[in-house]
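Residue numbers (the numbering used here), protein chains in the order written: chain G, 5 to 145; chain F, 5 to 145; chain P, 5 to 145; chain L, 5 to 145.
Heads up, some of the hints might be wrong.
Same chains, same label: a pair holds when it works inside one copy or across any pair of copies.
With a cut-off of at most 25 Å between alpha-carbon atoms, the simulated SDA-like pairs for lysine to any residue come out as follows [claimed, not checked]:
hint, residue 1, residue 2
1, K92, E113
2, K73, D137
3, K124, G108
4, K58, K109
Treat the hints as calculated values from the structure; they're not laboratory data.
4 protein chains.
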Amino acid sequence: MKVLDDYPVVIELPVVWGEMDAFNHVNNIIYFRYFESARIAYVEQTGFMEYMDKTGIGPILAHTECRFKLPLNYPDTISVGASVTELKEDRCKMLYAIASHATGKIVAEGSGTIVCFDYKNNCKAPLPDEVRDRIERIQSR
Amino acid sequence: MKVLDDYPVVIELPVVWGEMDAFNHVNNIIYFRYFESARIAYVEQTGFMEYMDKTGIGPILAHTECRFKLPLNYPDTISVGASVTELKEDRCKMLYAIASHATGKIVAEGSGTIVCFDYKNNCKAPLPDEVRDRIERIQSR
Amino acid sequence: MKVLDDYPVVIELPVVWGEMDAFNHVNNIIYFRYFESARIAYVEQTGFMEYMDKTGIGPILAHTECRFKLPLNYPDTISVGASVTELKEDRCKMLYAIASHATGKIVAEGSGTIVCFDYKNNCKAPLPDEVRDRIERIQSR
Amino acid sequence: MKVLDDYPVVIELPVVWGEMDAFNHVNNIIYFRYFESARIAYVEQTGFMEYMDKTGIGPILAHTECRFKLPLNYPDTISVGASVTELKEDRCKMLYAIASHATGKIVAEGSGTIVCFDYKNNCKAPLPDEVRDRIERIQSR
């Protein structure tokens with residue numbers, strides 16, 4: 005979708021009826037599930053999950069937020085974009101946007117701060133160079 | 005609660021607002037989450053989880069069902085009972101009932117068939133004697 | 005999918021990472037969400053929701069069950085089939101099956117008993133003829 | 005709990021097994037469900053829901069965020085605190101904190117921006133005086 009042109013990774017998901025709450029809109033926590041699905045799709049392209057399996061060093065979500073702009077309802081299909089905007093020593097920031105196919109509009113925007121974590125030694129770690137390289141390649145597409 | 009007297013394991017849970025769907029009642033899949041929480045509480049008392057950690061042989065859910073008798077709404081608190089009624093060579097059947105504190109009534113009843121599974125060899129296995137003994141002790145309380 | 009040929013209504017859904025539980029498989033309650041999505045898709049084709057908006061008489065889920073045959077994991081896509089097998093005075097029974105695109109196999113089968121309910125008078129009601137006709141037409145496709 | 009002394013509204017919730025994801029920790033979206041439950045508990049004390057039923061003017065969530073500080077696991081019980089820190093013409097900001105009973109520590113902090121919305125005219129509205137008064141009374145407890 006055109007409104008997601010700035011996002012190098014975009015996934016498509018159906019809105020399902022059961023995601024609506026008693027206010028007849030998709031419940032707020034579901035937006036974070038959508039973000040998570042886009043984050044996982046992005047991270048898979050970086051090879052970070054395989055790196056974690058080998059080394060015990062992998063991603064951890066430190067912070068996330070969502071700005072709700074328009075209500076979302078069943079039936080609809082959404083596209084969810086993910087883009088890394090800040091790439092630091094031990095972390096990166098990922099932006100998200102959710103677009104409704106029914107209206108063509110962005111219904112929510114948000115971000116996630118992903119920290120590189122050494123699960124064995126229980127402390128932060130530098131982002132591996134190979135993951136950093138892949139992120140840069142994904143972003144330059 | 006008196007209506008759950010036949011259930012040796014009973015847990016208490018709050019109904020939370022976000023469990024309601026667009027029909028303004030607790031959504032049907034949430035009842036299975038309630039059943040699951042009671043099942044886990046029961047299984048913990050049998051030592052089956054520790055047994056699985058040691059041997060790779062543990063429980064797997066093969067079938068579950070729920071009969072919805074009355075709607076459930078926020079705010080309310082529920083008690084969920086679990087009781088094993090059939091104890092066979094490689095499986096057992098667990099009955100569940102959910103009672104509303106607001107009305108004192110049973111709002112749903114169901115069951116789960118739990119099979120003993122050898123995760124290493126990917127096949128059914130006999131229920132370990134120590135787990136079987138504990139189930140019998142729990143049921144005779 | 006061929007394995008769902010007997011189901012006149014079939015929907016397609018992605019498995020998302022967050023649907024897995026601590027056992028690394030899609031959690032059991034999610035299967036009922038899949039069933040619900042197929043049920044809603046079927047019911048929409050019968051005009052029953054519009055009928056309910058006009059008359060206050062609509063569907064209510066009285067019982068549902070699921071037989072788990074094979075584990076389901078992310079990443080995968082599923083097709084979920086729905087078919088009405090028993091059409092009685094005030095209720096019908098709907099069968100469900102979930103097929104994994106990764107393996108081509110049925111991973112779960114289940115059913116739901118849908119009762120026709122008069123929400124205004126708080127009692128069961130006969131299935132409206134127009135809904136019954138539409139179900140028969142859907143099933144004879 | 006002492007660590008939540010600054011929060012005038014505090015609710016207690018059990019962590020349930022099914023809230024954990026494939027990383028064996030409570031999944032990130034569940035923290036927003038916990039926040040929501042505390043938000044609803046707070047809003048109920050302000051009379052805003054009854055006001056909405058009468059007038060069509062009620063709360064809407066415009067933004068929310070969570071900072072994850074420590075992992076959370078089953079079994080545990082949590083207390084979730086809510087406190088309004090900014091009270092403006094048409095909105096307020098609510099802070100949240102989640103404390104683990106197992107460790108006595110804050111595991112996550114967050115916030116929500118709640119806007120007063122005129123659902124009939126589809127636009128923002130000033131916070132009703134009676135709701136504003138009740139918030140001030142709750143905060144001065």
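Comparing the hints with the structure gives:
1. Proximity of K92 to E113 under the C-alpha cut-off of 25 Å is found in both arrangements, the shortest distances being 22 Å within a copy and 23 Å between copies.
2. Taking identical chains as interchangeable, the C-alpha atoms of K73 and D137 are never at most 25 Å apart, the minima being 33 Å within one chain and 28 Å between chains.
3. Taking the closest pair of Cα atoms, K124 and G108 come within 25 Å of each other only across two copies (24 Å); inside a single copy the shortest separation is 45 Å, beyond that limit.
4. Taking the shortest Cα distances, K58 and K109 never come within 25 Å of each other, neither inside one copy (41 Å) nor across copies (31 Å).
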